[in-house]
Each structure stands twice: as C-alpha cells, then as structure tokens.
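*Asks:* Sequence:
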Amino acid sequence: MRVWIFFLFCLAGKTLAAPTEEEPVVEEELEVGANPVQVETGEFDEAIEVVEDVIAENLSAVCIMPSVAMQERDCDNVCRLYRNPCLNHHCKKGKVCEVDDSNQPMCVCQDPLTCPAPVGDFEHVCGTDNKTYESSCHFFATKCSLEGTKKGHKLHLDYIGPCKHIAACMDNELNEFPLRMRDWLKNVLVTLYERDEDNNLLTEKQKLRVKKIYENEKRLGAGDHSLDLLALDFEKNYNMYIFPVHWQFGQLDQHPVDGFLSHTELAPLRAPLIPMEHCTTSFFEQCDADQDKYIALEEWANCFGIKEQDIDKDLVI
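Per mature numbering (1 follows the signal peptide of the UniProt record, and there is no 0), the sequence shown runs over residues -17 to -1, 1 to 300.
Among the hints, erroneous ones may be present.
Simulated crosslink set (DSS-like; lysine-lysine; CA at most 30 Å straight-line) [as the list claims (entries may be wrong)]: (1) K276 / K296; (2) K137 / K276; (3) K133 / K147; (4) K296 / K194; (5) K290 / K194; (6) K201 / K188; (7) K188 / K296; (8) K78 / K147; (9) K296 / K190; (10) K276 / K134; (11) K76 / K137; (12) K290 / K188; (13) K114 / K76; (14) K290 / K219; (15) K290 / K195; (16) K75 / K276; (17) K219 / K190; (18) K134 / K114; (19) K78 / K134; (20) K190 / K290; (21) K188 / K219; (22) K137 / K114; (23) K78 / K137.
Note that these hints are calculated values from the structure, not bench results.
Hey, can you work out the whole structure from these sequences and the hints?
*Replies:* This is the structure we're talking about:
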C-alpha cells in the first residue's frame, strides 16, 4: 500500500509541475460474452492490466518530474519497481516471468513449491494421470516441467476436485445427457440476461436473441425437471435451444477462434461438470464424430439435436 501511495504522489507531482491538457477519456471495455465464472474473475484481471498499461505509458514522465512533496529518492525507488521488464510480460499458466542476463523478460516454468498453499480441498484438481494436485497452480507448474515429454503431452486437467471413482457412462445415460445440458445452457443465458444491465455480459445482438427466449410465455423455467418433460419441451420449443447451443460453442472457441474445439478449449466446461455429470467425457468423445481430436460446429450442434439447416456460424459470434 505504501508503494502505491508513493506512486500516486509522483503522479500528482507530474500534474502540478507540467501544463495541463485535457484529453478525451477512453473507457476500457471488458470482453463481452464471457462465461459466468469468467466474468466474475475477469473484471479484476482486466482492471489490473489497465492500471499496468497506464503506469507503463506514464512511467518516464513521472520519474523525470518527482513531486515537490516527496523526496526524489523515494520517487526513484518507486519508479525502479515499475521498470521491471516483467511488468507487462504475460506468461501462460504454469510459467512465470524472469529477467535474463540482458534484462529481457522470459517465461520459465514455475516451481510447484512456489504455488500458494491451497485454502481447502475445493482447490484440488484431478489430472488425466488420475493424480490429485493441490491446486490448478500446482498442476500447470507440473505440466510445464514435463513439456517436450510424452507424459507431458498426454497430461491435461481432467476435472475440478480431488480424483475419485467416476462411474462408467451407460448408453441410456449418454442419451439423457444432452437433455439436461441443453436446458442448462438456456437457463445460463436467461440468467445472464437478467443480470446484464450495464455489465456487458452479453453483446447487443445476443441480448436481442435471449430476450425472445426470456419473454416467451412457453419457456420452461429453471428447475429439477424430469427427462420426459425436458424431451417434450425440446420437441415443442425447439427454436429456444438453437441459440444457446451456438452460444456455448462460441464461448469455448477462443484459443484460437477457428471453428473447432480442442481438448484445451473444452476444459473450462468439462472440468466443473465431470464430478456432477459422469457422462461428460463420453459425450464430448461422441461429439467428435470423425475422431480427429477436434469438435467442429456441425459436430457440436448435431450432438445437441440441432438440425443441419439451423446451424449458423453467425450465431456463435
């Protein structure tokens, strides 16, 4: 906190010492259309990035003109902290930024021992090696250390929570899975629409599409419905499910946006579902009809019972 106070004094000194010019205010927009969980954590991460960018842009000017209210040595110490080349150098999960001999930032594998200790069992995750890791930090750090090896290539985050026995998925259970999944996707969108206001959880186009679902008097509300009722509702109100299925595909197709879902892109949806829905893995494997390790939009829509003539790439945007 003391460092931040010093830094604000430095900024104040720059403002007092230099002529003031009015500049247009640029509002940073959050990434829209994110999944509910991503929205909750994404806002804080985005705010940090914005602050860091502003610091980087104004750093040289701040250091040149220290505040008259501060000792020059204090401002120099603050500025030295923010000259760290790693400040705006982002590394993927499992890696941390370090400075090399030339003072250049580079990403290196994080030592699992440096990961924060988990608060409770809810932070544990299970890998595809059927090993429980203390947290996602410990998992990705371990995976990074195995880069370039056969074991590392096969290791993925399987699901959230300690490893446990996952019952085999029976054929009848596999047929029931999309009934619950479709209904859940529809209700997630309705909830986002209700909460949206000025939160930018949905784009304007998405809001208009969800609004039609939300205001439809025939919409089946959220609840613990029987499979027969879910099947009947899909048959009678088929059009309400077309957009939710497309929307979820668009949420997952992010790294990169190429019209295909990889194992990594499916992870944010798979990981929380597997402990509750033991047919999750079998369902995604079945969706990959051509067994090429990627799920195309056509394969995804077909898994959820969307007719071929209703598949529209414009709905995933």
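*Asks:* Now, for every hint given, state plainly whether the structure supports it.
*Replies:* Results of checking the hints against the structure:
Between the alpha carbons of K276 and K296 the distance comes to roughly 20 Å, so the proposed pair stays at or under 30 Å and holds. With a C-alpha separation of about 13 Å, the suggested pairing of K137 with K276 holds against the 30 Å cut-off. For the suggested pair K133 and K147, the alpha carbons sit about 24 Å apart, so the restraint of at most 30 Å is met. In summary, the hint linking K296 to K194 is supported, as the alpha carbons are separated by about 20 Å, within the 30 Å threshold.
Distance hint between K290 and K194 is fulfilled; the C-alpha atoms sit about 22 Å from each other, no more than 30 Å. Between K201 and K188 the alpha-carbon distance is near 22 Å, which keeps this suggested pair within the 30 Å criterion. This hinted pair checks out: K188 and K296 have alpha carbons roughly 14 Å apart, not beyond 30 Å. Restraint check for K78 and K147: the C-alpha separation of about 28 Å stays at or below 30 Å, so the hint holds.
A distance of roughly 17 Å separates the Cα atoms of K296 and K190; the hinted pair therefore holds under the 30 Å criterion. A distance of roughly 18 Å separates the Cα atoms of K276 and K134; the hinted pair therefore holds under the 30 Å criterion. The hinted pair formed by K76 and K137 meets the criterion: a straight-line CA distance of about 17 Å does not exceed 30 Å. A distance of roughly 22 Å separates the Cα atoms of K290 and K188; the hinted pair therefore holds under the 30 Å criterion.
For the given pair, K114 sits about 19 Å from K76 by alpha-carbon distance, which is consistent with the 30 Å threshold. Distance check on the hinted pair: K290 and K219 sit about 14 Å apart at the alpha-carbon level, within 30 Å; holds. For the given pair, K290 sits about 20 Å from K195 by alpha-carbon distance, which is consistent with the 30 Å threshold. At most 30 Å may separate the alpha-carbon atoms for a hinted pair to count; K75 and K276 meet this at roughly 22 Å.
At roughly 23 Å between alpha-carbon atoms, K219 and K190 fall within 30 Å of each other, so this suggested pair holds. For the hint linking K134 to K114, the alpha-carbon distance of about 13 Å falls within 30 Å, and the restraint holds. Restraint check for K78 and K134: satisfied, since their Cα atoms lie roughly 18 Å apart, inside the 30 Å limit. With a C-alpha separation of about 23 Å, the suggested pairing of K190 with K290 holds against the 30 Å cut-off.
With a CA separation close to 25 Å, the supplied pair K188 and K219 stays within the 30 Å bound. For the proposed pair K137 and K114, the alpha carbon gap of about 13 Å is at most 30 Å, so the pair holds. A hinted pair counts as satisfied when its Cα atoms are at most 30 Å apart, and K78 with K137 qualifies at roughly 18 Å.
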